[in-house]
Amino acid sequence: MNRDEYQKLVKKMSPKEPKLRNAIVAFLTGGLVAFIGEVIINILMNSFGLARVDSYAWLSFILILFATFMTATGKFDSLVSKAKCGLIIPTTGFAHSIQSAALDYKRDGFITGIGANLFKLAGSVILYGIVSAFFLAILKVAIYG
Amino acid sequence: MASLKFNNVYLNDYFTLAGPMESDSKLKKVNLKMDDYYFGEKTFEKAEVKMQKTVIKGIMEKNKLDNDDVSLIIGGDLLNQISATSYATQNIPISLLGIYSACATFPESLIIAAMFLENKTIKKIIDVTSSHNLTAERQFRYPIEYGVPKPHTSTFTATASISTLLSNEESKIKIESATIGKVTEMGINDANNLGAVMAPAAAHTLYEHLTDLKRDVDYYDLILTGDLGCIGGSIFKKYTELKYNLKIKKHLDAGCELYLDSQETYSGGSGPACLPLVLFNKILESKKYKKILIIGTGALHSKTFVNQKSPIPAIAHAVSLEVM
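Order-wise, the sequence lines are chains A and B. For what it's worth, our numbering labels the leading residue of the first sequence as 1, then goes sequentially. For what it's worth, our numbering labels the leading residue of the second sequence as 146, then goes sequentially.
Just so you know, these hints were derived from the structure itself, not from any lab. A few of these clues could be false.
[Stated by the list, open to error] Interface residues of chain B toward chain A, partial, derived using beta-carbon atoms under 8 Å: (1) Tyr183; (2) Arg283; (3) Arg286; (4) Ile289; (5) Glu290; (6) Gly292; (7) Pro294; (8) Pro296; (9) Thr298; (10) Met331; (11) Ala341; (12) Tyr384; (13) Leu387; (14) Asn390.
[Unchecked claim] Think about it this way: if two alpha-carbon atoms lie no more than 20 Å apart in a straight line, the pair counts; the simulated SDA-like pairs of lysine to any residue are: (15) A:Lys82 - B:Lys448; (16) A:Lys16 - B:Ala336; (17) B:Lys187 - A:Lys11; (18) A:Lys8 - B:Ser407; (19) B:Lys383 - B:Ser407; (20) A:Lys8 - B:Pro165; (21) A:Lys12 - B:Tyr411; (22) B:Lys448 - A:Ser124; (23) B:Lys198 - B:Pro165; (24) B:Lys448 - A:Asn117; (25) B:Lys191 - A:Ala142; (26) A:Lys106 - B:Glu190; (27) A:Lys106 - B:Tyr182; (28) A:Lys75 - A:Ile36; (29) B:Lys383 - A:Asp4; (30) A:Lys120 - B:Lys383; (31) A:Lys11 - B:Ala336.
[To be verified] Far from chain B, by Cβ distances over 12 Å, these chain A residues were calculated: (32) Leu28; (33) Pro90; (34) Leu103; (35) Ser132.
Even glycine gets a Cβ: it sits at the ideal position worked out from N, Cα and C.
Based on the provided sequences and hints, a complete structural model is requested.
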């Protein structure tokens, strides 16, 4: 049995991940987060008299606060195991990635621990978010002038 | 020189410390249990150091040994620079040999100890090993609380520490022979499927062991692999059959035998402590097996090489135990 045959055997014997089911769960939970967000925005606009743009900022603030609180109390990871990537992709996941790194490295010092590792997971999101925003901005200028 | 036979090496005693999840698993009884992952320390790394210290102290007190009675400690763990062992033994005035074979560290320490004892150069040796789920997660994977969804092939590092006392004095467990494995790599680079990475190494070591000692696979009452997990264990059996034409009837995998299904550990347990924990607190407690071949399996990967897309090399060491 050579390497290729072995790799085929491994592939055959390893259980397949239920990708479609995970995707549907993530779609529904991610959609639920968005729905809750929309509800909060409406409450902010109607009950607190905020403009729609301002209520977006407040919504992010509320979701981030909720996510970091769940991470700090150790509940977020068990939520993720049920909700799959529906909670990782939205802003809740971004807050969670920073908070979990902060918790993990708090004993390693302010500079060498938290400072150096806070954006360990979130760094790629920030970097590639900025890069793609840059190119999209150029594209927008090129098309619409 | 792959296989060795020993005539007068005995495993006299063992001392096991199990983590919070392992205490509630399929194990029968352990010497000590941990209530939480901190074990009274401020960080998980310090907890692992304390775990090793505790089991070394535990076995010495249990057997009424002084520092002068023991000539050597052989040990290792999963942390970078095997720091749990180094820090645990810093205030113990006994010579130390630090070793690393990832999760095959336990059989490796048995083999080295057996060679010293067979030559009668040393009278008493303590072997020690440990793994801690959260220090391993930190070192090899993501931050602990991140909890990213894992595939079903991934394993769960067991939290435990085990020390063993070996000497020439006759006792219930005899170390009869051993085979030192070779590094094997079959092109798998998935760090979430380490069972598949290590299965060929285990199969190869088993084949060499049986060939060198001219034994049939049925010679052993049980072949106990270290931490291939449930999926890796079945790949191991299938591969051994296809490649070496060996049909294993009595095989168990320590990783697969450790946790309950309700504990959601995917393919099973892993880590250097997994094999000795299951061996001492489950297999030997059952008193069903006389001739046991333990095959510790280690995935010798580093995060850097995995990120650079190199296939993961693996090693397996086998030790044959005779239980009186």
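A quick look at each hint next to the structure:
Because the closest C-beta pair between B:Tyr183 and chain A is about 11 Å apart, greater than 8 Å, the hint is violated. Among the interface hints, the one on B:Arg283 holds; its C-beta lies about 6 Å from the nearest C-beta in chain A, closer than the 8 Å criterion. A hinted interface residue such as B:Arg286 counts as satisfied when its beta carbon comes closer than 8 Å to some beta carbon of chain A; here the least separation is about 11 Å, so the hint is violated. A cut of 8 Å between beta carbons decides the hint on B:Ile289: the least distance to chain A is about 6 Å, and the hint holds.
Annotation: interface hint on B:Glu290 holds; nearest CB of chain A at approximately 4 Å, less than 8 Å. A hinted interface residue such as B:Gly292 counts as satisfied when its beta carbon comes closer than 8 Å to some beta carbon of chain A; here the least separation is about 2 Å, so the hint holds. Look at B:Pro294: its Cβ gets to within about 6 Å of chain A, closer than 8 Å, so that hint holds up. For B:Pro296, the interface hint holds, since its Cβ comes within 8 Å of a Cβ in chain A; the closest pair sits about 5 Å apart.
Using the Cβ-Cβ criterion of 8 Å, the hint placing B:Thr298 at the interface with chain A is satisfied: the shortest such distance is roughly 5 Å. The beta carbon of B:Met331 comes within 5 Å of a beta carbon in chain A, closer than 8 Å, and the hint placing it at the interface holds. With a least beta-carbon distance of about 4 Å to chain A, the hint placing B:Ala341 at the interface is held under the 8 Å criterion. At its closest, the beta carbon of B:Tyr384 sits 7 Å from a beta carbon of chain A; the interface hint therefore holds under the 8 Å criterion.
Here the hint on B:Leu387 is kept, as its CB sits about 5 Å from the closest CB of chain A, short of 8 Å. Hint status for B:Asn390 relative to chain A: violated, with the closest Cβ pair at about 11 Å, above 8 Å. Of the supplied pair hints, the one linking A:Lys82 and B:Lys448 is violated, its CA atoms being roughly 27 Å apart against a limit of 20 Å. Distance hint between A:Lys16 and B:Ala336 is fulfilled; the C-alpha atoms sit about 16 Å from each other, no more than 20 Å.
This hinted pair does not check out: B:Lys187 and A:Lys11 have alpha carbons roughly 42 Å apart, beyond 20 Å. About 30 Å separates the Cα atoms of A:Lys8 and B:Ser407, which puts this hinted pair outside 20 Å; it is violated. A C-alpha spacing of about 27 Å is found between B:Lys383 and B:Ser407, which places the hinted pair above 20 Å, so the restraint is violated. Taking the CA atoms of A:Lys8 and B:Pro165, the gap is near 38 Å; set against the 20 Å cutoff, the hint is violated.
The suggested pairing of A:Lys12 with B:Tyr411 holds, with an alpha-carbon distance near 18 Å, which does not exceed 20 Å. Note on B:Lys448 and A:Ser124: the hinted pairing holds, with a Cα-Cα distance of about 18 Å set against a maximum of 20 Å. The straight-line distance between the Cα atoms of B:Lys198 and B:Pro165 is roughly 18 Å, inside the 20 Å bound, and the hint therefore holds. Proximity of B:Lys448 to A:Asn117 is assessed by CA-CA distance (about 16 Å); at most 20 Å being required, the pair is judged to hold.
Taken as a hint, the B:Lys191 and A:Ala142 pair is broken in the structure, with Cα atoms around 57 Å apart against an allowance of 20 Å. The suggested pairing of A:Lys106 with B:Glu190 holds, with an alpha-carbon distance near 13 Å, which does not exceed 20 Å. Our distance criterion of 20 Å between C-alpha atoms is met by A:Lys106 and B:Tyr182, whose separation comes to about 17 Å. Of the pairs offered as hints, the one joining A:Lys75 and A:Ile36 holds, with about 19 Å between alpha carbons and a cut-off of 20 Å not exceeded.
The suggested pairing of B:Lys383 with A:Asp4 holds, with an alpha-carbon distance near 15 Å, which does not exceed 20 Å. At most 20 Å may separate the alpha-carbon atoms for a hinted pair to count; A:Lys120 and B:Lys383 exceed this at roughly 40 Å. Of the pairs offered as hints, the one joining A:Lys11 and B:Ala336 holds, with about 14 Å between alpha carbons and a cut-off of 20 Å not exceeded. Every Cβ of chain B is farther than 12 Å from the Cβ of A:Leu28; the closest lies at roughly 15 Å, confirming the non-interface assignment.
With a least beta-carbon separation of about 15 Å from chain B, A:Pro90 lies farther than 12 Å from that chain, consistent with its non-interface assignment. A:Leu103, annotated as away from the interface, has a beta carbon of chain B within 12 Å; the closest lies near 5 Å. Residue-level check passed: A:Ser132 sits 23 Å from the nearest beta carbon of chain B, beyond 12 Å.
Hint violations for this structure: numbers 1, 3, 14, 15, 17, 18, 19, 20, 25, 30, 34, all remaining hints satisfied.
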